[in-house]
Amino acid sequence: MSARIAGFKPLAWALAVVALFGVAWLVDLATLVTLNVYVILSILALSMALVWGVAGIFSFGQSVFFGLGAYAYAVLALNGQGSAIALGAALLLPVAGAALMGYFLFYGRISDVYLGVITLTASLILFHLVNTVSGSDFRLGAVALGGYNGIPGVPPIALFGQELDFAQLYLLSAALLVLVYAGLKGLVRSRFGQVVAAIREHELRAELLGYDARAHKLGVFVIGAAIAGLAGALHAAWGGFVGPDVLPTWCWARSSCCACCCCPRACCPGCASAYRAATGAPHERPGIPAGPGHPH
Amino acid sequence: MSAPASPQDLAIHTEDLSVRFGGVVAVDRVNLSVARGELRCLIGPNGAGKSTLFKTLTGQQAPSAGRVRILGREVNGFERHEIARLGVGVKTQVSSVFDGLTVDASLRVAAGRHRARRPVGSVVDEVLDQLRLGAVRRRQLGALSHGQRQWVELGMVLATDPRLVLLDEPVAGMSEEETARTAELILSMRGAGRAIVVVEHDMRFVRRIAERVTVLHRGAVLRDGAVDAVLADPVVRDVYLGREEHVRA
Numbered sequence: 001m002s003a004r005i006a007g008f009k010p011l012a013w014a015l016a017v018v019a020l021f022g023v024a025w026l027v028d029l030a031t032l033v034t035l036n037v038y039v040i041l042s043i044l045a046l047s048m049a050l051v052w053g054v055a056g057i058f059s060f061g062q063s064v065f066f067g068l069g070a071y072a073y074a075v076l077a078l079n080g081q082g083s084a085i086a087l088g089a090a091l092l093l094p095v096a097g098a099a100l101m102g103y104f105l106f107y108g109r110i111s112d113v114y115l116g117v118i119t120l121t122a123s124l125i126l127f128h129l130v131n132t133v134s135g136s137d138f139r140l141g142a143v144a145l146g147g148y149n150g151i152p153g154v155p156p157i158a159l160f161g162q163e164l165d166f167a168q169l170y171l172l173s174a175a176l177l178v179l180v181y182a183g184l185k186g187l188v189r190s191r192f193g194q195v196v197a198a199i200r201e202h203e204l205r206a207e208l209l210g211y212d213a214r215a216h217k218l219g220v221f222v223i224g225a226a227i228a229g230l231a232g233a234l235h236a237a238w239g240g241f242v243g244p245d246v247l248p249t250w251c252w253a254r255s256s257c258c259a260c261c262c263c264p265r266a267c268c269p270g271c272a273s274a275y276r277a278a279t280g281a282p283h284e285r286p287g288i289p290a291g292p293g294h295p296h
Numbered sequence: 297m298s299a300p301a302s303p304q305d306l307a308i309h310t311e312d313l314s315v316r317f318g319g320v321v322a323v324d325r326v327n328l329s330v331a332r333g334e335l336r337c338l339i340g341p342n343g344a345g346k347s348t349l350f351k352t353l354t355g356q357q358a359p360s361a362g363r364v365r366i367l368g369r370e371v372n373g374f375e376r377h378e379i380a381r382l383g384v385g386v387k388t389q390v391s392s393v394f395d396g397l398t399v400d401a402s403l404r405v406a407a408g409r410h411r412a413r414r415p416v417g418s419v420v421d422e423v424l425d426q427l428r429l430g431a432v433r434r435r436q437l438g439a440l441s442h443g444q445r446q447w448v449e450l451g452m453v454l455a456t457d458p459r460l461v462l463l464d465e466p467v468a469g470m471s472e473e474e475t476a477r478t479a480e481l482i483l484s485m486r487g488a489g490r491a492i493v494v495v496e497h498d499m500r501f502v503r504r505i506a507e508r509v510t511v512l513h514r515g516a517v518l519r520d521g522a523v524d525a526v527l528a529d530p531v532v533r534d535v536y537l538g539r540e541e542h543v544r545a
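If you read the protein sequences in the order shown, they are chains H and C. Following the working numbering, the numbering of the first sequence begins with 1 at its first residue and continues without gaps. Following the working numbering, the numbering of the second sequence begins with 297 at its first residue and continues without gaps.
What the hints contain is simulated information worked out from the structure, not anything from laboratory work. Certain hints may be false.
Quick list of in silico lysine to any residue cross-link-like pairs, SDA-like style, CA-CA up to 25 angstroms [what the hints assert, rightly or not]:
id, chain 1, residue 1, chain 2, residue 2
1, H, 185, C, 370
2, H, 9, C, 435
3, H, 185, C, 434
4, H, 185, H, 175
5, H, 9, H, 190
6, H, 185, C, 435
7, H, 185, C, 400
8, H, 9, C, 434
9, H, 185, C, 416
Computed Cβ-Cβ distance ranges for the label pairs, DEER-style [claimed, not checked]:
id, chain 1, residue 1, chain 2, residue 2, range
10, C, 316, H, 134, 54 to 64 angstroms
11, H, 168, C, 378, 29 to 39 angstroms
12, C, 497, H, 179, 49 to 59 angstroms
13, C, 533, H, 100, 55 to 65 angstroms
14, C, 342, H, 100, 39 to 49 angstroms
For every residue, glycine included, the Cβ atom is placed at its ideal position computed from N, Cα and C.
Isolated chain C (complex conformation) (with noise of 0.2 angstroms):
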C-alpha cells in the first residue's frame, strides 16, 4: 500500500461528522476518506444514516459537528450550487429531472456547467451515445419510463463532467436488465481521477460494480474495506438478517 493520501488529495475527507435531529443520532462520528479515482459503496439496512450522510456530503444538509472537505475545499456552509460547482456531480435517491422539458434541453443545462466549458452540443451528443437515448431526445422527461428518467439523470451529471460523482441508490426501482445496464454505465463514468460514491442496497448490484465498501450502521462506521472481506463478515451479515448481538456487545 501506498502511504497515506493527504486531505486535500483526497476526494472525501470527513472528520467525526455528525447529524443530529433533536435527540436522534443520524450520522454519528463518521470518518470517511474516498481517494480521487475510487469507486466506493456505502451499504447499510434502512435507518443507517446513509441517506443522511450522502445529504450532507451535498450541501442538503448542515452537520451538527464535525468537518467535510469535497475534492480539497472544507465545505461547512457551503451552498448545494457552491458544493456542484467543486467538480460534483450528484443523483438524488428520488429521480430529480425537469419533467417539463425535453431529454436534449434537460441535457443542455447540464451541460452548461461543464467544468471545462466545452461547447454545449458536442457535449449533449456525446452523453446521449453514452446513454443511447438518441432516440427519445426530443421526448419530454415527464413522459418517459422510469429507467429512462434515471439514465438521464445519470447522464445530466455526466455532462458536468464530475470529478466526484454521489449516486444515491441509482438502480431502485429497476429491471434487472435495467440495473445490469446501470452498472455498465457507472463503471464506464470511471477515469480521469474521477471518484465515484454509490449508496446502495441492492447487494448484488454492490459486489458487481464496487472494489471497496463502507458500511454504516447507526449512523457509524462498522466495516470498511474490500468488498468481499466485508459482506462475508458475519457481523455485517447479522446486520443485515436482523440479528444484532454482535452489534450492541
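With the rest of the complex left out, here is chain H (with noise of 0.2 angstroms):
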C-alpha cells in the first residue's frame, strides 16, 4: 500500500507544480494577483516551517523579518536601485537582525514559550517604531518612510531590464516557491538538518553527543528569516506599497495558518514542542506525538 503511494508521489508533485504554474493560463487576473499573495504567503509559510517545525524554534518574529524585507526592498527599489540590489537587501537586511536577535536569544539560552514572548515582542516594538517615523524628515535617501501611512509606489521587479507585469510576478513567486521548497527539503534531509531535528527532539542528548545546539538554531533562524524576507520583498513589490501591516503578528498567523494547511507535516512536530513547552508535557504523553512523520 505505502509502496503503491510512494510511486505516485513523484507523479502528483509534477502535477501539482504543472498546476501552480498553468493556473496563470488559465484564471483572470484578478484571480491571478490574489493567487499571487497566497503563493508569496507560502513562502513566508515555508519558513515558519522550517524554523517552528523542523527545528521546534517558537518564533513569532517571522513576521519582523518579512517586514524588514519589504521595508528593505521598497527603500532601495525607489531609490533607484537595480531589483537585484534591492532583493539582495531584502534578503541581508532580515538575515542581520535574525542574526543580532537570534545571538542573544540562542546563545543566552531562552528557548520554549520565552522564545516566543520576545520575538512577539520584537514584532510589536518594530511595528510602532514604523508607526511613529511619520514625518518628513524621517526618510532613507529620497524615500519617506511614511509612518503608519506607509510607502506607495513601491516599483516592480525588473529582470533582465524588463519590468514584470502581474502574470510575470505570480511565475516568478511560484518558481521561487518550488525553489524554496526544493532547497529546504534538501536541508532537512543533510546532515545539518538531521541534527536540527535532533535538537530539537532533545536539546541536551545533542549537545552531549557534541553539537553546539546555539549555532545551529541561529543557523536555522537566519535560513528562515532569509526566506521571510524574499517573501516580504515579493509582497512589497506584488502590492507596490508596504505599510508597518506587514510587521505585526496577524501576518505571522495568516502565515502559520497558510502553513498548517500548505505543510501540516512540517509543523505537526513544531505544534507538538510548542504544546509540551506550554503545558510542561512530557515526550511520553499519550495522545502527542512527538514529532511525526516530519518531512525527513
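Once you've looked at the hints, go ahead and assemble the two chains, each given alone in its own frame, into the complex.
So, in C-alpha cells, the structure goes:
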C-alpha cells in the first residue's frame, strides 16, 4: 500500500507544479493577483515550517523579517537601485536582524514560550516604531518612510531590464516557491537538517553528543529570516506598497494558518513541542506525538 | 602498584570540587581521580551528590569551587558540547533520546561526531550489531520499550567512539534480564584505554561490573577502593542502611 503511494508521489508533485504554473494561463487577472499573494505567503509559511516545524523554535518573529524584507526592497527600489540590489538587501537585512536577535536568544539559552514572547514583543516594537516615523524628516535617501501611511509606489521587480507584469510576477513567485521548497527539503535531509531535528527532539542529548545547539538554531533562524525577507520583498513588489501592517503578528498568524494548511506534516513537530513547552507535558504524553513524520 | 599518574594522564581528575546551591553543599571538596582504561562505579545513598557531581563533570552544572580536568584538559567554563568533543560520551539518568527520530536516524546523528570521523553508515551498522537492535532500526524511539531506549542511548554514546564514558544509573527501571544484558554491554565497551564511570544504586549490578568503587556521602568521598573491600566496610553498610553514627563521629 505505502509502496504504491510512494510510486505516485513524484507524479503527484509533478502535477502540483504544473498546476501551480499552469493556472497563470487559466484564470483571469484579478484571480491571479489574489493567487499570487497566497503563493508569496506560502513562502513565508515555509520559513515558519523550517523554524518552528523542523527546528522547534517557537518564533513569532517571522513577520519581523517579512517586514524588514519588504521595507528593504521598497526603500532601495525607490532610491533607484536595481531589483537585484533591492532583492539582495531584502535578504541581507532580515539575515542581519535574525543574526543579532538570534545571537542573544540562543546564546542566552532562551527557549520555549519565552522565545515566543520575546519575538512577539520584537514584532510589536518594530510595528510601533515604524508607525511613528511619519514626519517628513524620516527619510532614507529620497524615500519618506511614511509612518502608518507606509510607502506607496514601490516599483515592480525588473528582470533583464524588463519590469514584470502581474502574470510574470506570479510566475516568478511560483518559481521561487518551488525553489525554496526544494531547497528546504534538501536542507532537512542534509546532515545539518538531521542534527537540527535531533536538537528539536532533545537539545541536551544533541549537546552531549558534541553538537553546538546554539549555533545550529542560530543557523536555522537566519535561513528562515532570509526566506521570510524574500517573501516580504515579493509582497512589496506585488502590492506596490509597504506599510507597518506587514510587521505585527496578524501577518504571522495568517502565515502559520497557511503553513498548517499547506504543510501540516512540517508543522506537527513544532505544534507538539510548543504544546509540551506550554503545558510542561513530557515527551511520552499519550496522544501528543513527539514529532510524527516531519519531512526527512 | 605503579607510580601515581599525573593529572594529564587521567581520564578524570577533580581538585577540591564543590557545588553549592544556596546554603546546601551538594558536592563538598571532592578529589576524584579515574585512570584511563578504568571502570569505576560511583555509589552512595540518595542525596549523596552523585548526580550533581555527574552533571558537573559533563558541563551541565558549573562548579562553585575547585577544578575539573577531563582527559588532560581543564574544563572549568566549558560548554556541554565542548566537553563532549574532548571524547566524552554521556548517558543521562532520565533517558534522553530523540523520540521523534528513528533508531537509525538517531545513531546516524551520533555517528556524525565519531572521534575518528569514520563513515557514518558503517559505524551505525556496527553499533546496531553490538546492541542487537537491527530489527527495530526503522522504528521511532518514542515507540520503543524503556530498555530498548536505554540501549539506543548507550548506542549513541558508543557511536561517537568516546575515550571516557559517563553513565548515570544505566539500569534504572530495567528488568533483571535487561540489567544483565546492560552489564554485558557496558563490559563490552571497555578496551583501547576507554575509561567508564557508572553512577549506580543497584549494588548487585555494581558488583557485577566494577573493580573499584567510590562511595559518596553528603557530597564528600566517604570511601574509595576495591569493590569487595568497600562494600564490606561497616561504615559504608551503615550509610546504606541509614545508621550514620560512624559518619558523624
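Verification of the hints:
| no. | hint | result |
| --- | --- | --- |
| 1 | H:185 to C:370 | 41 angstroms, violated |
| 2 | H:9 to C:435 | 22 angstroms, holds |
| 3 | H:185 to C:434 | 20 angstroms, holds |
| 4 | H:185 to H:175 | 15 angstroms, holds |
| 5 | H:9 to H:190 | 21 angstroms, holds |
| 6 | H:185 to C:435 | 22 angstroms, holds |
| 7 | H:185 to C:400 | 19 angstroms, holds |
| 8 | H:9 to C:434 | 21 angstroms, holds |
| 9 | H:185 to C:416 | 21 angstroms, holds |
| 10 | C:316 to H:134: 54 to 64 angstroms | 55 angstroms, holds |
| 11 | H:168 to C:378: 29 to 39 angstroms | 51 angstroms, violated |
| 12 | C:497 to H:179: 49 to 59 angstroms | 55 angstroms, holds |
| 13 | C:533 to H:100: 55 to 65 angstroms | 59 angstroms, holds |
| 14 | C:342 to H:100: 39 to 49 angstroms | 46 angstroms, holds |
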